[in-house]
Amino acid sequence: MTVHGRLCLLAATAACLAAPAPPAGAQDVAVAEQVQLILDVRLNGVRSPLLWQFVLLPDSTLATSTRRLGLLGFDVRGLPPEAEIVRLDDLPGIRYRYVEARQMVEIDASDDALVPVVLDSASRPAPIDPDKLVRNLGAVLNYGLYTDIGQHGLSAVGQYNLRLLTWHGVGETNGYATWVNGRARKNLSHVRLDTRWRYVDVRRTAVLTIGDSIADPGTLGNAYRFAGIQLRRDFGRRSDLVTNVLPVLSGSAAVPSTLDLYINGLRYFTGEVGRGPFQFRSLPNIGGGATARMVLTDATGRETEISKPLFFVEGVLPRGMLDFSMEIGFPRVNYGVDSFDYYGKITGSGMIRYGVTDGFTLRAYAESMPGLSSGTVGGTARLGSIGSLSVALAGSHFEGDFGVRYQVDGHVTLGGVDLYASVNRADTDFQNIVTVTSIRKAARPPVLDLPSGPVVGPIDEPVQIAFSRRTQRVAASFTLARTGVNLGFTNAQLPEQKIRMVNMALSRPLGRRVAAWANSYRDFGSRKDYGVIAGISITLGKHGWGSSNFSHRRDHAMVSTRVTHARNEGHGSVGWSVVNNQQLSGDRPGIRAANMTYNAHHTILGAGIEQSGDRVTGHASVEGAVVAMGGLYFAPRIGSSFAVVKGAGANTPVKVNTREMTHTDRNGRALVPDLRSLAVNRVAIDPTNLPVDVRAQRTEVEVIPDDRAGAIIDFGVAPEAAAVLVLVDADGQPLPLGSLATLEGGTEEAVIGYDGRTYVTGLAARNRLVVQRGGAPDCSVEFDFAPVPGRQVTIGPLTCR
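Residues -26 to -1, 1 to 775 in mature numbering (1 follows the signal peptide of the UniProt record, and there is no 0) are what the sequence shown lists, from first letter to last.
Mixed in with the good hints, there may be bad ones.
Calculated cross-link-like contacts (lysine-lysine; reagent style DSSO-like; alpha-carbon spacing at most 30 Å) [claimed, not checked]:
id : residue 1 : residue 2
1  : K472      : K502
2  : K106      : K502
3  : K629      : K516
4  : K106      : K620
What follows is a list of derived Cβ distance ranges for each label pair [to be verified]:
id : residue 1 : residue 2 : range
5  : K472      : F298      : 53 to 61 Å
6  : Q585      : L606      : 23 to 31 Å
7  : V382      : R71       : 57 to 65 Å
8  : L714      : V9        : 29 to 37 Å
No lab work stands behind these hints: they were computed from the structure.
Note that the structure is predicted; figures quoted are calculated from it, not measured.
For every residue, glycine included, the Cβ atom is placed at its ideal position computed from N, Cα and C.
Please construct the entire structure, taking both the sequences and the accompanying hints into account.
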C-alpha cells in the first residue's frame, strides 16, 4: 500500500490522528528534520487493526506522542501527558524493529511497560444518568389481611403500608390493626409503626428523612429508632456504584490463550487474552477468603494453571470515598406495641467513614443526649491478600461517670482455613443512647416531662443492658474431604449470666440434589445447655425441596419433616408446604401443618391448617396492592418501583429486561410491578400481537424510576391510516422495482416493491401519489381510502399516468 493510500485509511481511524501537530519550536528535533510515517503496529506479535502515526528522527529512531502510546496500551504514567515526541528507545522494557519495506514496526514490551487489560470491565454496572430519573404523582397501598380461627375464637390482623409519591420525595406510613373475638376477650386495637417523608438526592447519594427512622450506630454503638431528621449517605440505592474495595487479580499470558477463571471451584470467566498482562477488577464479593484458579490454554492445547488467594474485606471504602450519617430527634421505645411512645429528651448522633487508602478505612461515631455523651474512633485495614483487622475504641460520660469500651476483630485465611477472632470489652460505666433510654424509661414520667435528677435503679439490670460487657469469639471454617466444617467458641459475660459455648457445624453434598448437615453446641456456662441437630435436604424438581432432621436438646427431642413447593411469580401459580414435627421426648406438643398460596391476578391468596396437641387452628390470608397513578390498578404486591404502561394495544405482552411480566387489558394498559429503583429497566411490548392496522411509536423504553417511585410509559399504539397500493403503468405492467413514491403534501418516500406493491402511510380520504420511475417520466395516481378496523387495506391495481 502506498503512503498516500495509508493516509486515506488513517483518516478513518480517529484514534490515530486525533492529536494535532505541535507548533514549530515545540519539538526537541526541528520539524524539517522529521519524517512523518504511517505504520502497521505489531505489539508482542499481535497486529493492531489500526494504522498509527510515528515520526522518524534524524538518528533513525522512532517516536510518537504520549497519547498514542496510551491508546496502544503502554503505561504512560511517567511521561508528560502533552508530549508529541516520545522516543521509543527511551521507554523502559521496550524493544522495537522498524521494517521500512513493509511500513511496519514490531514492538516487544515487557509486562511492566504495559497497562494490564481489564477482562471483566463489562461486569461493572453501567452508570445511570440522574437527569433521566422518572418521578410521577401517585399513591401505593400495600395491604395484608390474616385471619385465624380455632377453639378459642376468631382473630384477624390487617397490615398496611401507604406511600404517597411526589416529585420531591416519598411520604410513607405503615402499621397494623388487630381484632380478637374470643371466649376470653374481645378487642380491637391499632399500632402505628413508622411515618416519614424521604427524599433521595441521586447525584450526591444522600437521603434526607423527616419522621421515624433508624440511627446508624457505627462500630460500637447500638442502632436505635427515633423521630426527627436524618441526613445520610446511602450507597446501597445506587446499583451502579462500587462502594467496597474488591481484590484485584492479576496475571500474564506468554502467548495468546484462552483463559478460564474459577473462584472457589465455580467458573467466573471464560474468554480470549492476548500476550501480556491482564487483570480482573470486578470480582464477585463472596466475603472472606477465597481461592482463584486461572487456567490458560494456548493454541497447541497446552495448559498453564495459576492459583492465587483472594480476600474480600467488608466495609473498606475506596480511597477518597466518604460515608456519613447525621440525625437528631427523640428516641422511640416500645416500638410495635405503642404508636407514639417517644423518650422526651432530644438526642443527636453522627457517623463518618472515610477511605484513607484502598486498604484502610477510618471510622468515627458520636452521640449525645442530656446527661450522656459518647464517641467512638476506629478503622478497618486490609492485611494483603490474607485477611483484615478492625479496631475500635469508645468512651462515654454518663451522670458523672466515665466508661470505656473497645473491640478488636481479626479475620485471616491461611492454607484454605478461614480464621476469625474478636474481643469486645466494656466496663460497667460505659453507656450509650440505647442503654440510657432503657434505664430511664422504667421510672420516667409522661413523655416530654422528664426529671433532671439522678436515675433510679441499678445500671446492670439485664433488661436494661443492650450488650454483653465482655465477649470473646473464635471461629474457624474449612473444607475437608468435600465436607464443610465450621468450629466456634464464644465466651460472653452478661450481667446475670455467663456463656461459654462451643459449636460445630458440618455440611456435605450427596450428589447434585441431596445434602446432609449436622449442627451441635454445648454451653459450659451458667445454663449448662446442649443440643444437636442433624438432617438431610433434597431438591425436588425446579421449585420444590424437602428436608428431614432429628434434634435433641437437654429437655426434649424431636423429628421434623418438611416438603415445600415454591410459588413462582406468574399468575395462576400455586405454592404449598407440609410440615410434621413429632416430639420424641419432653412435654412439648407435636405440630402438623399444611399451607397453600395462590397467585391470583390481583392478589395472593393463602390458606392452611395447623394441629398442635389437641388444638386445631385454621388460617387464611389475602395480600395485594392498590396503585393510583394515571388510573386505578390492582396487583399482588408492589415492592420497590413500578411502571404503568398505557397505549400498548389490547392484550399485548409486556416484558421487563426480556422477561415477560404481564399482559395489557382491553384498553392497552397494565401495571408492571417490581422494577429496580435507580437502575435502568428495559420495558418492551411484543408488537406481533398488535392488529395490522395499528402502529406503535416505540416498542422498547429504558426507564430509571426514582427511589420507590412509579413511571408512566406510553408506547403510543394508535390506528394508522395506511394501505398497500398495487401500481401499474398505462400498459397494465407493474411499476419498476425500486421506484420512489411520495404522497402529495408529504415528505416520506415509499419504495415500489415486487408486482408494483408499495406500503403508504398517512393517508386521507382522498389522496394523490407521485412516483419517480428513474429512466421514465414521473407519473401520478389519485385514489380514495377508507380504513377497515382490524384489516390491512389493499387498493388497486391503480394506473399511474
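Exercise for review: Determine which of the earlier numbered hints do not hold for this structure and return their numbers in increasing order.
Suggested key: 2, 5, 6 and 8
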